[in-house]
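J.: Protein chains in written order, with this note's numbering: chain A, 171 to 410; chain B, -12 to 305; chain C, 40 to 312.
Hints listed in this document are in silico derivations from the structure and should not be mistaken for laboratory results. Source: prediction; values computed, not measured. Wrong hints could be hidden among the right ones.
Here are the simulated distance ranges between beta carbons [claimed, not checked]:
no.: 1; chain 1: A; residue 1: Lys256; chain 2: B; residue 2: Leu12; range: 56 to 62 Å
no.: 2; chain 1: B; residue 1: Leu12; chain 2: C; residue 2: Leu139; range: 45 to 51 Å
no.: 3; chain 1: C; residue 1: Leu139; chain 2: A; residue 2: Leu186; range: 41 to 47 Å
no.: 4; chain 1: B; residue 1: Val85; chain 2: A; residue 2: Ala292; range: 41 to 47 Å
Derived coverage of chain B by chain C (criterion: at least 3 residues anywhere in the stretch with Cβ under 8 Å from a Cβ of chain C; other residues may be distant) [stated by the list, open to error]:
no.: 5; segment: 205 to 219
no.: 6; segment: 231 to 240
Just so you know, even glycine gets a beta-carbon here, dropped at the ideal spot from N, CA and C.
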Amino acid sequence: MSLLEVAGVTKRFGGLVANRDVSFTVAPGELVGVIGPNGAGKSTLFDVVTGFQRPDAGTVHLDGEDITRRRPDEISRRGVARTFQKLRPFTGMTALENVMVGAFQKTGHVADARDIARRALASVGLGDKADAHAQGLSTGQRKRLELARALATAPRLLLLDEVTGGVDQATVPGLVRLVRDLHAGGLALVVIEHNMRVIMEISQRIVALQLGQVIADAPPADIVRDRRVIDAYLGESWRA
Amino acid sequence: MAHGRLALGVALLAAALLFPAFVTLPYPRDVLIRIFLFATLAQAWNVLAGYCGQISLGHAIFFGTGAYTSGVFVARDVASPWAAMLVGALLAVVLSQVVGAPVFRLRGHYFAIATIAVGEIVHILAVNWDFIGAARGLYIPIKRPDSLVNFQFHQSKAVYYYIVLGLLLLGLGVTRLIERSRLGYYFRAVREEQDAAASLGVPVARTKRVAFAISAALTAACGTFYAQYLLFIDPESVLPLSLSILICLVAVLGGVGTLWGPLVGAVVLIPLGEVTRIYLGGTGKALDLVIYGALIMIVSVVQPAGLVGIARRFRRAA
Amino acid sequence: MGLVYALIAAGLSLIFGLMEIVNFAHGEMLMLAMFASFWTWALWGLDPLLSLPLTAGLLAALGWATYRGLVRFILDAPMLAQIFATFGLAVFLRSGAQALWGADFHLVKDPLVEGRLVAAGVFVGLPQLVASGGALLAFGLLYLFITRTETGLALQATAQDRQAASLMGIDTQRMFALGWAIGGACVGVAGGLLTTFFYVFPEVGAPFALLAYVAVALGGFGNVPATLAGGVVVGLVEVLGGLLFDPSLKLIGVFGLYLVVVLWRPQGLFGRF
Chain A
171 MSLLEVAGVT KRFGGLVANR DVSFTVAPGE LVGVIGPNGA GKSTLFDVVT GFQRPDAGTV
231 HLDGEDITRR RPDEISRRGV ARTFQKLRPF TGMTALENVM VGAFQKTGHV ADARDIARRA
291 LASVGLGDKA DAHAQGLSTG QRKRLELARA LATAPRLLLL DEVTGGVDQA TVPGLVRLVR
351 DLHAGGLALV VIEHNMRVIM EISQRIVALQ LGQVIADAPP ADIVRDRRVI DAYLGESWRA
Chain B
-12 MAHGRLALGV ALLAAALLFP AFVTLPYPRD VLIRIFLFAT LAQAWNVLAG YCGQISLGHA
48 IFFGTGAYTS GVFVARDVAS PWAAMLVGAL LAVVLSQVVG APVFRLRGHY FAIATIAVGE
108 IVHILAVNWD FIGAARGLYI PIKRPDSLVN FQFHQSKAVY YYIVLGLLLL GLGVTRLIER
168 SRLGYYFRAV REEQDAAASL GVPVARTKRV AFAISAALTA ACGTFYAQYL LFIDPESVLP
228 LSLSILICLV AVLGGVGTLW GPLVGAVVLI PLGEVTRIYL GGTGKALDLV IYGALIMIVS
288 VVQPAGLVGI ARRFRRAA
Chain C
40 MGLVYALIAA GLSLIFGLME IVNFAHGEML MLAMFASFWT WALWGLDPLL SLPLTAGLLA
100 ALGWATYRGL VRFILDAPML AQIFATFGLA VFLRSGAQAL WGADFHLVKD PLVEGRLVAA
160 GVFVGLPQLV ASGGALLAFG LLYLFITRTE TGLALQATAQ DRQAASLMGI DTQRMFALGW
220 AIGGACVGVA GGLLTTFFYV FPEVGAPFAL LAYVAVALGG FGNVPATLAG GVVVGLVEVL
280 GGLLFDPSLK LIGVFGLYLV VVLWRPQGLF GRF
């Protein structure tokens, strides 16, 4: 039984079709990468899955339960966490407080939430920055913060939107290692990425989107050889 | 440093409690009553706007609810004003939920304007509603002898002082409790980044409603106090837009989102209003608003965290 | 009257479209325009209609000054600060007017255009008619300016995409200031027109501003031409409300309309959001 099942999702914004009949599944503990040029509908897909947008057609099932029309906070409580492409830290709070907001999903006590938050921060390597103001963190640190925040909700499925976007090259390997460790710990992940090297490295399967449609859904080795993907996205240099 | 702050707090509280015993002149006491009243009102508003980020510019409707509930109850001898305070608070909570349900779906400026619209609608309705006295207002019958039950004290207004001080302490206490609880974190998360909060499991709509309810109840309680203190209420004194604005002003000047901001704001603004009124005669009423307006502009630009924010900056620099 | 509302609302919409700031002091600017108009009449006998260019100019300057002196600093500030900045200005201007000129009502006597028309059994005040015509004319001019002139197009570009516009060499700061100046001018013209038949007093701005907000919301924040429709609708609702219900309740219809529109179609009837 798949953990996440997206079936026939279509989402229109006025005349623009952001997602057209998108279908794919994610098994428990699987790491699925999502690629596609800008405007392919990747972030919209995340919005639909996490309840920020309602699809015009199609369904989303989590562990067999229909979550298509559920609110984002309800979906989060069912074990789905996400990060945003445009980072949204709670700027008025410290890093620890940021993560505590996520931790409170699991407990009503401030002290317990604080513990969970500290551990989450440590797991992403921000343990020493717990009391720093979120505003003062660098982009790479903010990415980790969002990750910690999402992790504090103890999700079964984590959706990462461009986790290596906007950070300098030196920080990328650290983030990649982090994602790998999370996967190794049994977490199912769906990762949107532009950095092809990263996504090839970590994904068990890749879903390729173009103009809102799924044009391929296969392991990395096969994706690289898929004609349509190459034409749409990868370019000649990736031909094996 | 915590000891120093605690000592200061205790000292202030003691001073506040002992004040009427030492100063029997009615005027300073009345000023303090007004300060405490507005501080509590601003604190109530602060819970919704400062901590939860929903800027309501029509809060007077709750004040009016509290005032009119007790006014009607007492005028028609239905029940004791204290019962009325509870009922008023309850009505205010209901009103907040009814208004909040549709209006909270709006964001930012739209929300603010909607609250103005609601405030004005209620104002107009009240002016035309004969049951509560319409534009003529409502006189609350004087009941002698002074009694706590009747919530009227004519011999010495000192008891009013303690009641409103109690309200203020209640407001401060509630805010403090919220600040340190999960609810407080949720409030702030909703204020900062509503969507991110939702993605973390924060029930955004419900959080806003709770904030609104708390804020409304406290504001209504103040309204009941006001009715019993002045013994006359009319739509112009308890429901106008200018009252909603004044409540915001006090909170914003002192510092939204902070525990002590509203009190600081009231301590500065109310006496300022009195001073300009006394020394500047007829035009004084407007001149204090001129100063208010200028202050608000300056505060918004320079330090949105208000006077409390400015004080913090000094302390950090020191 | 709806047309006058539309003119007032046009300024608001323009400002919002440019920088996503609602000018809570818009009503007070209108009030100042009316006072300016009134005083030029009282002191120098110039009819409000004749002093229109002067009023418009004055308010344009005020708008521009407001931008340079206040709004510029809060462009990126949290929403609370933005709301309260213009709010503070509103309070400041309103009480300032009261302090300077008292709270009394003033009325221009013997205006240039007086009298009434009777059409199909309905009395229409001539000054109101002229005001509507003037408002329509001003609106038309504004529309032409925005769509036909180079500056106007630059304004539109800045409204749609600030960064792209600046990359194309458009000075966004100047555009913003210009937006405020035009908004001021709109309000200046509207104020002058209103002074021909309306009472002038410090509180006069508020109701008009509220109606303007509704008009803008109806047309869609940022969509200037649509505010014409919005203004007309508001005017109609106001009159209808006055006829169907007690006149003192007519504003409820307008506010109720705002709530309905804003909840049902947040982008307004023609909006772009």
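J.: Now tell me, hint by hint, if it's right for this structure.
T.: Cross-check of the supplied hints:
no. : hint                               : result
1   : A:Lys256 with B:Leu12: 56 to 62 Å  : holds (59 Å)
2   : B:Leu12 with C:Leu139: 45 to 51 Å  : violated (35 Å)
3   : C:Leu139 with A:Leu186: 41 to 47 Å : violated (54 Å)
4   : B:Val85 with A:Ala292: 41 to 47 Å  : holds (46 Å)
5   : 205 to 219                         : violated (count 0)
6   : 231 to 240                         : holds (count 4)
This entry does not satisfy hints 2, 3, 5, going by the numbered hints stated previously.
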